[in-house]
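Novice: Listed below, chain by chain, are the residues.
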Amino acid sequence: MRIPGALYAARGRAPQNEKEVPFQEILPLRLKNTVSGKADSGSDVACLQEMGVLFACLKDNEFVEKYCDKEISRFQKCYKVYMDRKFEAKKTVNQGIVQPGSNLNYKQLNKYMRRFPNPQ
Amino acid sequence: MSWSKNISINTWRCGRLMSMYPQHYVDPIYKMEDQCSKRTELLRLSHIPIKGALNNSSDTIFNGEIKQKMVNYITKNGEGFLSRKLMAQTLEMIKRTQLEGSYISPGYNKTETDAESLLIQAVENCRPLLQLSSIKRGGVKYHVPIPLTNKKSYFLAMKWLLDASREKDRKVSLPEKLAWEILDAAHGHGRVIKKKEELSRQCESNRAYAHYRWS
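Residue numbers (full-length UniProt numbering), protein chains in the order written: chain A, 1 to 120; chain B, 1 to 215.
Accuracy of the hints is not assured; some may be wrong.
One-sided and incomplete, this derived list gives chain A residues near chain B with beta-carbon spacing under 7 Å [unchecked claim]:
1. LEU48
2. GLU50
3. MET51
4. LYS59
5. PHE63
6. TYR67
Where chain A lies over chain B, by a calculated footprint (3+ residues, C-beta under 8 Å) [as the list claims (entries may be wrong)]:
7. 18-27
8. 49-56
Hints in this document: simulated from the structure, not taken from any laboratory.
Ideal Cβ positions, reconstructed from N, Cα and C, are used throughout, including at glycine.
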């Protein structure tokens, strides 16, 4: 008698024999002792609203800048503040002072983890 | 022989041929007015090592920051003497044209005859607000408007002025063309101003991509 294929399918595929296919540790099965600083760099998008206001003003005034002095100065001030803040933040990161708290940047985290590494 | 040996030892020792000031050295304040206005700062600086002043940083009324930058941008192949001469000729030509204009219409006293302030005015008028940088997202290149720092906008303005004045006949001299471009830009028209407007128009049409910017 012919057995229908659906009966085999219900049992599913048999597991591999572990002796025939030994487990290989391709990457080490523990976390690294470092984190990368990629997430901390953040996105560079700033002053979008000011830019929009500036564009609206420029379009209304046929791209003559002297009618949009207020918008231009506001936009440039915003960008300057943003750059200054970024510069300051970078400076504090580079100092690398480790203070207690949950809000740590990547350099501080790396310092911590160097002190308490994963067991080999 | 001994000289080359010396050089090789030095490169081996420090890894580079250039000398640098250590990081804690401070830029010199060579302008008299800055020294007067920054009294408290000077007291602080009295025990901090200071870098030597640059060769061309002297506090005379003949030096202007923008003028000096312009001279540096004109320079080709390190021929600073030539570029200083060209700049002087440019300023002379501006002065002559403006004086001529004021003599032709003496009733109209408002003609600006100070060549250097005209140069500054021209550069200020040419400074762009935004810049387009192409960013690749999903295989498509987008032109994204990004804000400029002050320094970069000054650089672009002067570069555009120079580029416009280098596009000329061989018979026309650089000072002549540069003088015309500067005069045009100072009065708010001309090719460079057009170029700046064109750039802000493009930025405006690409404003939808502004949030694509990074780094």
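Novice: All hints are to be evaluated individually against the structure, with a verdict given for each.
Specialist: Cross-check of the supplied hints:
1. At a threshold of 7 Å, the smallest CB-CB gap from LEU48 of chain A to chain B is about 6 Å, leaving the interface hint in force.
2. Checking GLU50 of chain A against chain B by beta carbon gives a least distance of about 9 Å; that is not within 7 Å, so the hint is violated.
3. At about 6 Å, the closest approach between the beta carbon of MET51 of chain A and any beta carbon in chain B falls short of 7 Å, and the interface hint on this residue holds.
4. Checking LYS59 of chain A against chain B: minimum C-beta separation of about 6 Å stays under 7 Å; hint holds.
5. Evaluation of the PHE63 of chain A hint against chain B yields a held restraint, the C-beta minimum of about 5 Å falling below 7 Å.
6. Against a cut-off of 7 Å between C-beta atoms, the interface hint on TYR67 of chain A is violated, since the closest Cβ of chain B lies about 13 Å away.
7. Coverage of a stretch by a chain is defined here by at least three residues with a beta carbon nearer than 8 Å to that chain's beta carbons; for the segment 18-27 of chain B and chain A the count is 0, and the condition is violated.
8. Counting residues of the segment 49-56 of chain B whose beta-carbon sits less than 8 Å from any beta-carbon of chain A gives 0, not enough to reach three: the coverage restraint is violated.
Hints 2, 6, 7 and 8 from the earlier list are contradicted by this structure; the remaining hints agree with it.
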